[in-house]
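Q: These protein sequence lines are chains P, H and B, in that order.
Quick note on this note's numbering: the first sequence kicks off at 1 and runs consecutively.
Quick note on this note's numbering: the second sequence kicks off at 1 and runs consecutively.
Quick note on this note's numbering: the third sequence kicks off at 1 and runs consecutively.
Honestly, I wouldn't trust all of these hints.
[Unchecked claim] Straight line, CA to CA, 20 Å or less: simulated EDC-like cross-link-like pairs of lysine to aspartate or glutamate: (1) K92(P) <-> D152(H); (2) K199(B) <-> D185(B); (3) K35(P) <-> D152(H); (4) K35(P) <-> E6(H); (5) K40(P) <-> D505(H); (6) K36(P) <-> E258(H); (7) K40(P) <-> E431(H); (8) K39(P) <-> E6(H); (9) K35(P) <-> E258(H); (10) K40(P) <-> D243(H); (11) K253(B) <-> E9(P); (12) K253(B) <-> E10(P); (13) K35(P) <-> E431(H); (14) K92(P) <-> D243(H); (15) K344(B) <-> E241(B); (16) K106(B) <-> D51(H); (17) K36(P) <-> D243(H); (18) K115(H) <-> E161(H); (19) K253(B) <-> E100(P); (20) K77(H) <-> E6(H); (21) K36(P) <-> D152(H); (22) K92(P) <-> D505(H); (23) K64(B) <-> D51(H); (24) K253(B) <-> E6(H); (25) K349(B) <-> E10(P); (26) K349(B) <-> E7(P); (27) K349(B) <-> E9(P); (28) K35(P) <-> E370(H); (29) K39(P) <-> D51(H); (30) K36(P) <-> D505(H); (31) K253(B) <-> E44(P); (32) K39(P) <-> D505(H); (33) K36(P) <-> D51(H); (34) K36(P) <-> E165(H); (35) K253(B) <-> D5(P); (36) K92(P) <-> E258(H).
These are calculated hints, taken from the structure and not from any lab test.
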Amino acid sequence: MEISDREFEEKVLSSEKPVLLEYWASWCPPCHTIKKVLKKLDGEDTGFRIVTVNVDRNLGYASKYNVKGVPCFMIFKQGELIHREVGAKSEKQIRVMLTEHL
Amino acid sequence: MQHNEEKTCWNCPAALLKGNVDFRACGQSISAIRNKISEEGLLIECARRPDLGLFEPSITFEQCPEWSETQYGYLLKDMRVMILGIDGYLGWTLALKLAKLGCRVSGIDNYLRRKAVAEKGSKSVVPIADMATRLRTAKERFGVDIDFRELDLLDRDELAEYLREVQPEAVVHYGEIPSAPYSMVDAEHAIRTQHNNTLGTLGVLFLIKEICPEANILKLGTMGEYGTPLTGRPIFEGLFPADAVLTWRGQEWSMGGELTPRDPASFYHVSKVQDTFNVYEACKYWWLRSYDVMQGVIFGVHTEEVAAYPDLRTRLDVDEWFGTVINRFVAQAVLGIPLTIYGSGEQIRGYLALEDAMECMVRLLSSPPEPGQYDVVNQLSQLYKVKELAEIVAKVGSQRHGLTVRIQRVENPRVEADEHPFLVVAKKLRENLGYQPKTPLEVEIDRMFTLLLQPRVRERLESVRYTVFPTTWWSGEHKETMTLEVYEPGTHVTAGYSPDLVVSDHDGDE
Amino acid sequence: MPHMKELIKQGRLMKMRSSLPANSAASWSSMITGTNPGTHGVYGFTDFIPGTYTVSYHSSHKLKAPPFWMTEPEKRVLIINLPAAYPAQPLNGSMITGFVSPQLEKAVYPPDLYPGLRDGGYEVDVDASLFSRSISLFLQKLEETLDRRTRLLDHLMEKDGYDLLFFVVTGTDRVEHHLWDAYADSTHDQHPEFLGFFKKVDAAVAHVTSKLDHDAPLMMLSDHGMGPVETAVNINTLLREEGYLVTGNTPRKNFNNIREETRAFASESSKIYLNHVDRFPRGSVKPEDTRKTQGELVDLLSGLSYNGRKVVKTVHLKQEVFRGPEAGNAPDLVVIPENGFSLKTGLFKESLFEEDFLSGTHTDDDAFLYLRGWSQEDELPGHPRIEDSIHFFRKLMENV
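Only chain P is shown next, with the shape it has when bound in the complex (with noise of 0.2 Å):
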């Protein structure tokens, strides 16, 4: 579930299910409470494949995207950014995001 810059041009833009990023960050409060909620989903079957980035070991896709706030969730379809969110987020909204953009 854990990538860095170096998997992501693989495992992000060249994905042919659609993908849920999360930048997140030791320092981010709100990123500690939702890493459990993203592995719950990770082990389901939601037709996203999930995967999460450290925003500060990470600077390059961060920097392109431009990611000031953290958590930020991310949605790519075929290598495109579609969507984005900032803020902290219950289970149940993370997955209404997804059906949406499924």
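Chain P is already provided as a structure; the job is to place chains H and B on it using the hints.
A: Positioned in the frame of chain P, the structure of chains H and B alone reads:
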């Protein structure tokens, strides 16, 4: 299978992230990208092993030769721990435990506790040695070198010098005035409490940022920061989980990661809440890493180390300012004073034995948070009503030690709900850090009775008899606290709300 | 190169062998300590952190034997651009380290030299990506960098006196890696510019040597030779095809992917490690199987051929070539290719042979060593190793 074996350099205080990693706070844009050496990504150096060169911070505690396995998890070898308040009830006890585990322990104290208890006209009923004797005995008996400097937390220049010499990899902050009634005596006491506690902490955070920003900061907080909301809503571990949702006007917002509400119960508790904010900010601005330890009420006298030799004993206070309830009940039973319950006695609090508190602290030290992470744990073994505790102390006192124990309800000098629901979440220590409470309440109470009934100790207890009864009113009034009722144990049914302690995920949901 | 020609007449020039393995970190470490990797502990710019598959990058703190200037602390030394010396450590004199130096601030001793270097735009190494943008720009940058280094030398010598000067030119390695074909082919577009660079190097040599008394002891050397590349050879692909290397699928594509079934893997061009049980976390090769496995690999590598040519010249075994307290950490085999083959050790390369984006590669046995002022002519061995060079230099200094 140790709880922290998969942690990596990111959690280790020896990893030199400064200068190698650019942390940013929320909302700031990324500036220069610096990764010249390789495509591997971020590289760091290790403060303990400069001969390793530059490498990816991915070595686990299990792999790393600097971390060795103990019964509490992997611990950094010869970890340099500085204890602020090393002479106190918890400070001295922890110092001995860590020293025996192989840590390099150092600490400061200004003997504030000894002086404040003396101000009350009381003293530690367990005879304790002075610091020099304690250190010497520890060296002779355990072969450990604990370093000590008599310093006030607020002497920042001198403390800075000490921190520079030691370069601690962990800082345990016990250096505060811990008494609610003390802080309510008058303006002088309230201001002294908040000045020492809040400003002391603030100053120390600046020093840590300057001198040892990678240190794991264990900040002693208190469950009392949260208060006891009458709605019975859950008391989370300092920060809302992602699924705590705020609903308003048909809209929903996740509260994930935000600080939970605080409702302190005295000016002392306020100082802890202020500490919380200062620590939270420091982690945010300077990427310090800290555990805010929301500790329940401590009881007991026993750890393997302090019980080993008389000169190593830790203090036991039973006066109405510095004594904690279970310890006070045992003292009252020995003195023949009916156990003092305030109001209805339906107040629910979290409790844990001294030995268990020490284990929790060691586990927290073994698993430092990530850089910039402000984390909170609710540290307690069990929830009890004050009334229940009185019954249990009475039972142990009478059945095992032949004492006649009665219970009294007195007017409540505090301003607090004496009957309230209490739903507390305390998962992290158990689920993430492998903690299980080990000391049963009755066993520790029994130990305390045995100790307090020893002639020398009983004599000391007698000499402070008149400091035991509650007299400090939150209202500031100087008046007697009236006894409402005296009764025999077992004659009053415990009514009212029930405590509810959540220690694990029931159905996978947070 | 007229100045070099003149100098060579004044002294002795001979062929010298590089270190084993023949990479710059090991070679320079051998040169400055006068010992081999079994003693100084540096086997390359990368090594594995003991007990893990995690790669760590070289730092001067890894050097386990003292460099020559530490054994003669009363001599004031000026060292400019020494590779594998980062971070700069305190010494009697001044040091600016050469590649690889991630932060200029740590590449400099004493620290008060840093602001001047930073403001003057000093660069330790030329950004290799420049080459793909513009070859001319790349060459220009190399010349500029060399120029800055000689001016730095002037500036520092003006300020203070030194007993010993150690000046390293690294642009030659860079230019030969990228533009060997420009050298070999006189019709190549950049052929004149290539030669022009070497004229500049010659002028730099003249400039530096002019700082010395005309009979002062002088040693010049290279840490390895250079030659053309016919093809790159992916060693780990060979090991994988023959069943020696088995990887899993962890998120990061590095050596942590190695599974227990792996028996051998290669790293940093020429080093092959056996997946020993007592050395790596998922090790499977037992001590008693070492010789046998080494033997198998020697056969495998010796049998490798490309277009009818043998690819591997020699395979050295750990127990035969490394001696000293740090020998335990050595790779189990060191592979020396025949001229024209450049060895690569990417873990996930598809084909065994592929085109190399570099046109020049290191050769291990034809570095050069030059000594001026050597009196006992007949005592020089025919084909010395790089770790012998500092001992010769000491002799030169004694003769003064």
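Q: With reference to the structure, classify each hint as holding or not holding.
A: These are the hints, each one checked on the structure:
{"no.": "1", "hint": "K92(P) <-> D152(H)", "in the structure": "violated (50 Å)"}
{"no.": "2", "hint": "K199(B) <-> D185(B)", "in the structure": "holds (18 Å)"}
{"no.": "3", "hint": "K35(P) <-> D152(H)", "in the structure": "violated (41 Å)"}
{"no.": "4", "hint": "K35(P) <-> E6(H)", "in the structure": "holds (16 Å)"}
{"no.": "5", "hint": "K40(P) <-> D505(H)", "in the structure": "holds (13 Å)"}
{"no.": "6", "hint": "K36(P) <-> E258(H)", "in the structure": "holds (16 Å)"}
{"no.": "7", "hint": "K40(P) <-> E431(H)", "in the structure": "holds (17 Å)"}
{"no.": "8", "hint": "K39(P) <-> E6(H)", "in the structure": "holds (17 Å)"}
{"no.": "9", "hint": "K35(P) <-> E258(H)", "in the structure": "holds (15 Å)"}
{"no.": "10", "hint": "K40(P) <-> D243(H)", "in the structure": "holds (13 Å)"}
{"no.": "11", "hint": "K253(B) <-> E9(P)", "in the structure": "holds (13 Å)"}
{"no.": "12", "hint": "K253(B) <-> E10(P)", "in the structure": "holds (12 Å)"}
{"no.": "13", "hint": "K35(P) <-> E431(H)", "in the structure": "holds (15 Å)"}
{"no.": "14", "hint": "K92(P) <-> D243(H)", "in the structure": "holds (8 Å)"}
{"no.": "15", "hint": "K344(B) <-> E241(B)", "in the structure": "holds (15 Å)"}
{"no.": "16", "hint": "K106(B) <-> D51(H)", "in the structure": "holds (15 Å)"}
{"no.": "17", "hint": "K36(P) <-> D243(H)", "in the structure": "holds (11 Å)"}
{"no.": "18", "hint": "K115(H) <-> E161(H)", "in the structure": "violated (25 Å)"}
{"no.": "19", "hint": "K253(B) <-> E100(P)", "in the structure": "violated (34 Å)"}
{"no.": "20", "hint": "K77(H) <-> E6(H)", "in the structure": "holds (17 Å)"}
{"no.": "21", "hint": "K36(P) <-> D152(H)", "in the structure": "violated (42 Å)"}
{"no.": "22", "hint": "K92(P) <-> D505(H)", "in the structure": "holds (17 Å)"}
{"no.": "23", "hint": "K64(B) <-> D51(H)", "in the structure": "holds (9 Å)"}
{"no.": "24", "hint": "K253(B) <-> E6(H)", "in the structure": "holds (19 Å)"}
{"no.": "25", "hint": "K349(B) <-> E10(P)", "in the structure": "holds (16 Å)"}
{"no.": "26", "hint": "K349(B) <-> E7(P)", "in the structure": "holds (16 Å)"}
{"no.": "27", "hint": "K349(B) <-> E9(P)", "in the structure": "holds (17 Å)"}
{"no.": "28", "hint": "K35(P) <-> E370(H)", "in the structure": "holds (14 Å)"}
{"no.": "29", "hint": "K39(P) <-> D51(H)", "in the structure": "violated (37 Å)"}
{"no.": "30", "hint": "K36(P) <-> D505(H)", "in the structure": "holds (11 Å)"}
{"no.": "31", "hint": "K253(B) <-> E44(P)", "in the structure": "violated (25 Å)"}
{"no.": "32", "hint": "K39(P) <-> D505(H)", "in the structure": "holds (14 Å)"}
{"no.": "33", "hint": "K36(P) <-> D51(H)", "in the structure": "violated (37 Å)"}
{"no.": "34", "hint": "K36(P) <-> E165(H)", "in the structure": "violated (41 Å)"}
{"no.": "35", "hint": "K253(B) <-> D5(P)", "in the structure": "holds (12 Å)"}
{"no.": "36", "hint": "K92(P) <-> E258(H)", "in the structure": "holds (18 Å)"}
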